[in-house]
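Start from the sequences, fold in the hints, and give me the full structure.
Number of protein chains: 2
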Amino acid sequence: MQLVKLLLQGNRRALARVITLVENDEKEKLGILQALYPHTGNAYVIGVTGAPGAGKSSLVDRLLAEARTEGLSVGVIAVDPTSPFTGGAILGDRIRMQEHALDPGVFIRSMGSRGSLGGLSRSTRETIQVLDAFGKDLVLVETVGVGQSEVDIVRAADTTLVVLTPAAGDSVQTLKAGIMEIADLFVNNKADLPGVERTFAEIRAMLDLRSEQPWRPPVIKTICTKGSGLGQLWEAIGAHRAHLAADNRLHEERQLRVRLELAGEVEHLVKSKIWEEIRERVSLEGLIQQIVDRQRDPYSVARELLELINFPF
Amino acid sequence: MQLVKLLLQGNRRALARVITLVENDEKEKLGILQALYPHTGNAYVIGVTGAPGAGKSSLVDRLLAEARTEGLSVGVIAVDPTSPFTGGAILGDRIRMQEHALDPGVFIRSMGSRGSLGGLSRSTRETIQVLDAFGKDLVLVETVGVGQSEVDIVRAADTTLVVLTPAAGDSVQTLKAGIMEIADLFVNNKADLPGVERTFAEIRAMLDLRSEQPWRPPVIKTICTKGSGLGQLWEAIGAHRAHLAADNRLHEERQLRVRLELAGEVEHLVKSKIWEEIRERVSLEGLIQQIVDRQRDPYSVARELLELINFPF
Chain P
235 MQLVKLLLQG NRRALARVIT LVENDEKEKL GILQALYPHT GNAYVIGVTG
285 APGAGKSSLV DRLLAEARTE GLSVGVIAVD PTSPFTGGAI LGDRIRMQEH
335 ALDPGVFIRS MGSRGSLGGL SRSTRETIQV LDAFGKDLVL VETVGVGQSE
385 VDIVRAADTT LVVLTPAAGD SVQTLKAGIM EIADLFVNNK ADLPGVERTF
435 AEIRAMLDLR SEQPWRPPVI KTICTKGSGL GQLWEAIGAH RAHLAADNRL
485 HEERQLRVRL ELAGEVEHLV KSKIWEEIRE RVSLEGLIQQ IVDRQRDPYS
535 VARELLELIN FPF
Chain L
235 MQLVKLLLQG NRRALARVIT LVENDEKEKL GILQALYPHT GNAYVIGVTG
285 APGAGKSSLV DRLLAEARTE GLSVGVIAVD PTSPFTGGAI LGDRIRMQEH
335 ALDPGVFIRS MGSRGSLGGL SRSTRETIQV LDAFGKDLVL VETVGVGQSE
385 VDIVRAADTT LVVLTPAAGD SVQTLKAGIM EIADLFVNNK ADLPGVERTF
435 AEIRAMLDLR SEQPWRPPVI KTICTKGSGL GQLWEAIGAH RAHLAADNRL
485 HEERQLRVRL ELAGEVEHLV KSKIWEEIRE RVSLEGLIQQ IVDRQRDPYS
535 VARELLELIN FPF
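Residue numbers (our numbering), protein chains in the order written: chain P, 235 to 547; chain L, 235 to 547.
Since the hints were derived computationally from the structure, they do not count as laboratory data. Errors might be hidden in some of the hints.
Have a look at the derived ranges for each label pair, beta carbon to beta carbon [unchecked claim]:
1) Gly244/L <-> Gly429/P: 45 to 55 Å
2) Asp527/P <-> Lys507/L: 20 to 30 Å
3) Ala476/P <-> Gly275/L: 57 to 67 Å
4) Asp426/P <-> His502/L: 45 to 55 Å
5) Glu487/L <-> Glu501/P: 20 to 30 Å
6) Gly339/P <-> Pro448/L: 47 to 57 Å
7) Arg515/L <-> His502/P: 48 to 58 Å
8) Arg450/L <-> Gly461/P: 17 to 27 Å
9) Leu264/P <-> Arg513/L: 54 to 64 Å
10) Gly472/P <-> Glu510/L: 34 to 44 Å
Every residue, glycine too, gets a C-beta built ideally from N, C-alpha and C.
This is the structure:
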């Protein structure tokens, strides 16, 4: 594979090409990912998530700058679950980040949802692997975080930042949405806005509800537009990394991640195959009409379809 | 099935009991859902979604009152993807709705995520069917809406309201998150807050970007706390319902929904079975360790596991 060889030699065009292949789910993808896999496992992955408008992009910009100051090479994946019909229009705010575009130590990629959001989380995880194999020291993944697929995306991160602002409706209510468990650090951004102390207190109260855990997520106040709090945040990320490194925790986390990846791959293969087989043998239209008409129910039809393809167990 | 019979006779305790069985995924569930299915298809389902803090619960309260005025019997499902460790604590805001608790024409149920969010969307859809079979004219489903599982939940609705407020970060940014396509109506709530005109304009601009479609979602301004705009909203819901009834659209929507339900059921069965079989034959631990150590890759291991269980195609 010439492309894989070039990528491993540090060729940026090969990198861009491979990510496109991954994103488009091309035939070559499987072979490429298999060939790159032995070269992965070195990059540290930071996930940045939070409600829309919380300032995630600015924060990623700032973290990128911090990392470059320390001489780390960085990959950025900005995951944008934009709906197909709005297309690239809303990707405009990405352009800002292009100030780093000429820096050879930085590679930035926006990923949109071309199909399902599940597919998006899949290709994000694969792109992390590609950047890792390319030799990036650090991969920053930014995504709007409230739903399950966004949770899946940040699950690929070693350290996950949840960004909150004092803005209305952005405090405890946001924490509802299942994101609390995955936060390693809370960033209380826009800390110059009124209400910041309330948000701060609410996060702490939420954390106090939890049972004792080996890592208590710190809450860092930042004002990205002024660069304030960024040093402290960078230190806190370092502290979490050190925490993971101790007592084999990073290893355990990565085991869990491999487990999820393997499960995802198995289920993806099985689902594709099952539907291919079903569609070869039966037209679903008639059955669906019968269910719509309440002559049949979806539960027994599902079982019947699996019998039909001799789903064997 | 005594329980099914009681439920179909209008027994509320049987209804509550069945929903609990569904939520807990008990063995009896399959038989119950099969028995109830022929009695479904009569309820009209309204989904209410939007960013946290947008005022969805108050809106549902108001819609409930409107529906009762018209003599409709109503079921409410308040879906709360609260994380397990915060538990019922945040469900407090539900209590407000209990003013309807003594009304025999109203049945309210909160559903939390006991396991995965995918499981939550599954049991929400099943609970809609149970309420439908029970004879509810209208089912209101409220959920925080930004991620894929929430999209899956509202996909079970005939009319979906997306609630937005003029609050910071709640406008165009929210629309990014894949919710635009599923909105049949936009509710611009808290219309007494500053910024409401901007939100209004942004939604319209977004809608203008879309290709011509048979239904253009209207944008209704409401102030739930004052009850203002609610009559207009109720009328708009009626207009959407009439739109669906014309040209067979409701039928087509329900066909699509049955298709998704059937697919969900098939995939659920297949996944459970596949993992049962794999776990019987092999301990995953060793394989996962080999992948972590980069001696193997997840792509070929996934294929090997499927060969191992003679996944037959």
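Index of numbered hints that the structure contradicts, given in increasing order: Of the numbered hints, 7, 8, 9 do not hold.
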